[in-house]
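Colleague: Here are the chains, one letter per residue:
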Amino acid sequence: MVDLELTFEKNLSIGQKIEPRDWMPENYRKQLIRLISQHAHSEIVGMLPEGNWITRAPSLRRKIALLAKVQDEAGHGLYLYCAAETLGISREEMFDQLHTKKAKYSSIFNYPTLTWADIGMIGWLVDGAAIINQTTMAKCSYGPYSRGLLRICKEENFHKIQGMEIVGILCSGTNEQKEMAQESLNRWWWPSLMMFGPHDTNSPNSSDLMKWKIKIKSNDELRQRFVDMTVEQAKVFGLTIPDPELKFNTETRSWETGEINWDEFYSVINGNGLCNNERISARRSAYEDNSWVRDAATSYKIKKNKKAEAA
Amino acid sequence: MHLKNDNSLFEYLVRLGDDRLILGHRLSEWCGHAPILEEDIALANIAQDCIGHATHFLNAASEVENKIKTADELTYFRDAIDYKNLLIMELPKGDFAFTIVRQFLVDSFTFLLYEKLQNSGNKFISDITTKALKEVQYHLRHSSQWVLRLGDGTELSHEKTQNALNILWLYTNEMFESDEIENSPSLKNFITKSSDLESEWENKVISHLQNATLKIPEMQTNYLSGGRRGIHTEHLGHLLSEMQIVARTYPGAKW
Ligand SMILES: [Fe+2]
Ligand SMILES: [Fe+2]
Chain A
1 MVDLELTFEK
11 NLSIGQKIEP
21 RDWMPENYRK
31 QLIRLISQHA
41 HSEIVGMLPE
51 GNWITRAPSL
61 RRKIALLAKV
71 QDEAGHGLYL
81 YCAAETLGIS
91 REEMFDQLHT
101 KKAKYSSIFN
111 YPTLTWADIG
121 MIGWLVDGAA
131 IINQTTMAKC
141 SYGPYSRGLL
151 RICKEENFHK
161 IQGMEIVGIL
171 CSGTNEQKEM
181 AQESLNRWWW
191 PSLMMFGPHD
201 TNSPNSSDLM
211 KWKIKIKSND
221 ELRQRFVDMT
231 VEQAKVFGLT
241 IPDPELKFNT
251 ETRSWETGEI
261 NWDEFYSVIN
271 GNGLCNNERI
281 SARRSAYEDN
291 SWVRDAATSY
301 KIKKNKKAEA
311 A
Chain B
1 MHLKNDNSLF
11 EYLVRLGDDR
21 LILGHRLSEW
31 CGHAPILEED
41 IALANIAQDC
51 IGHATHFLNA
61 ASEVENKIKT
71 ADELTYFRDA
81 IDYKNLLIME
91 LPKGDFAFTI
101 VRQFLVDSFT
111 FLLYEKLQNS
121 GNKFISDITT
131 KALKEVQYHL
141 RHSSQWVLRL
151 GDGTELSHEK
161 TQNALNILWL
171 YTNEMFESDE
181 IENSPSLKNF
191 ITKSSDLESE
201 WENKVISHLQ
211 NATLKIPEMQ
221 TNYLSGGRRG
231 IHTEHLGHLL
241 SEMQIVARTY
251 PGAKW
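These protein sequence lines are chains A and B, in that order.
For the first sequence, my numbering begins at 1 and goes up steadily by one.
For the second sequence, my numbering begins at 1 and goes up steadily by one.
Because the hints were derived from the structure by calculation, they are not lab data.
We put the beta carbon where it would ideally sit given N, CA and C, even for glycine.
Any given hint could turn out to be false.
Footprint (simulated), chain A over chain B, 3 or more residues, beta carbon under 8 Å [stated by the list, open to error]:
{"#": "1", "segment": "26 to 38"}
{"#": "2", "segment": "44 to 50"}
{"#": "3", "segment": "144 to 151"}
Only chain A is shown next, with the shape it has when bound in the complex (with noise of 0.2 Å):
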């Protein structure tokens, strides 16, 4: 056991690779199947609030990218169910926990997209916070998840240059479109400052998580990237941030932002936002409504291996 365990610390300092084979403590294990079931969850809940709008694009061009994009989210779960399930959790399992709200997911999914500029909204800011949590988190100590990230950063990237191609669009369009933009960036960009959890004093799972390599950066540190990155392309579209306190900071040579409102953050998470309840009974109903379909399939299967015995 000793041995294990040393085993496991060296290959840590050293930057190896933990594989599903390896020995790995209890709680390193745990740890990672709730950030991973967490972060396939958000995936596929993340495909309803712009899935809202693949009927209504206004072009075709837009319709088949948001589709494309969409389907992508669906390939991410479907790749990160798999690499929770190397640590020994069934999708079934993960399932249950997304149904029953023991599992949580990205909370700025609870809020509802209700225009067109939405869907530019999430691609730039959703998907571009998202890339700077998991292109740090590919670093991670774990290799399937390492590996899945590195793979799925190369097509968030792709989603977040289609984002910022919808907003400049309408940001050079007409009057009415700049205003959509901007009315959108209003009601976006608090929730996407949220997507990097709590300040680092008050994130409780962060040292444990920091010293196993789960966790590379903290939480305030890359809200700083994203803030820093984003004021400047807010700059170039012509659209004002919506935080009358933000400020540059020439000694640090970074962008100060006015405080979070934690209080929305928290009740958002604890099941109040606008769409928690539609998130999760559209995934429970896609689930249970259809479970004939996966008897059906189950069935035809056994059905059919009979009958290559029986041959």
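Following the hints, position chain B with the ligands against chain A.
Modeller: The following block gives chain B with the ligands in isolation, referenced to the frame of chain A:
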């Protein structure tokens, strides 16, 4: 109906485009709500293909009419009576059995049609269908497999699939109605009359449905049709009002 001499090609391309567009729309409604994650991916993929084909056909239609309207304008600024898709495409997505049976009946038809149209003397038609055929072949494989799983799966899935088939069968005859557009002299070397595909379609479809333990509905006298003339079910208007809302609210805007 007032037909200009060379209007038939435009009409024909619009029909092919509308079929793909409306079917793709219905498939896209599953995105995020499919029975398994793998099907979210598959159905979204097929929907993209369909809307991609629609884009090509409507672009070609636009070219034929000297770009009086772009493909997007044809999509977003036409009313239901000007849409020329088959009725089967516009029926609400229903449950998974309904979606799969429709997809199988339509894929079988589209496959046979594009196989012939590949050799069209019209470059638009041959180029588009040659490329699309590979995708349709994949769609057909996907829907065929699911017809087997659902038809020959459990008692419940069999029942749902049989019910879907009984309803959808009424809309299949419309696929093979060759009207004055298809018979127009200007299309003679460009197209294959859909009526010529009927017996092959019937043979293939019936044998596969029987493999899936499904009962072929009795020959109906009350087959339904009208889509090619712009006479639709009431569903299409609602579908279009959703699809077109943003584009029509901001006419002239670019996206
Ligand atoms: Fe993703
Ligand atoms: Fe994404």
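Colleague: Now look at each hint and say whether the structure bears it out.
Modeller: Evaluation of the provided hints:
{"no.": "1", "hint": "26 to 38", "result": "holds (count 10)"}
{"no.": "2", "hint": "44 to 50", "result": "holds (count 4)"}
{"no.": "3", "hint": "144 to 151", "result": "holds (count 3)"}
Of the hints listed earlier, there is not a single one the structure fails to meet.
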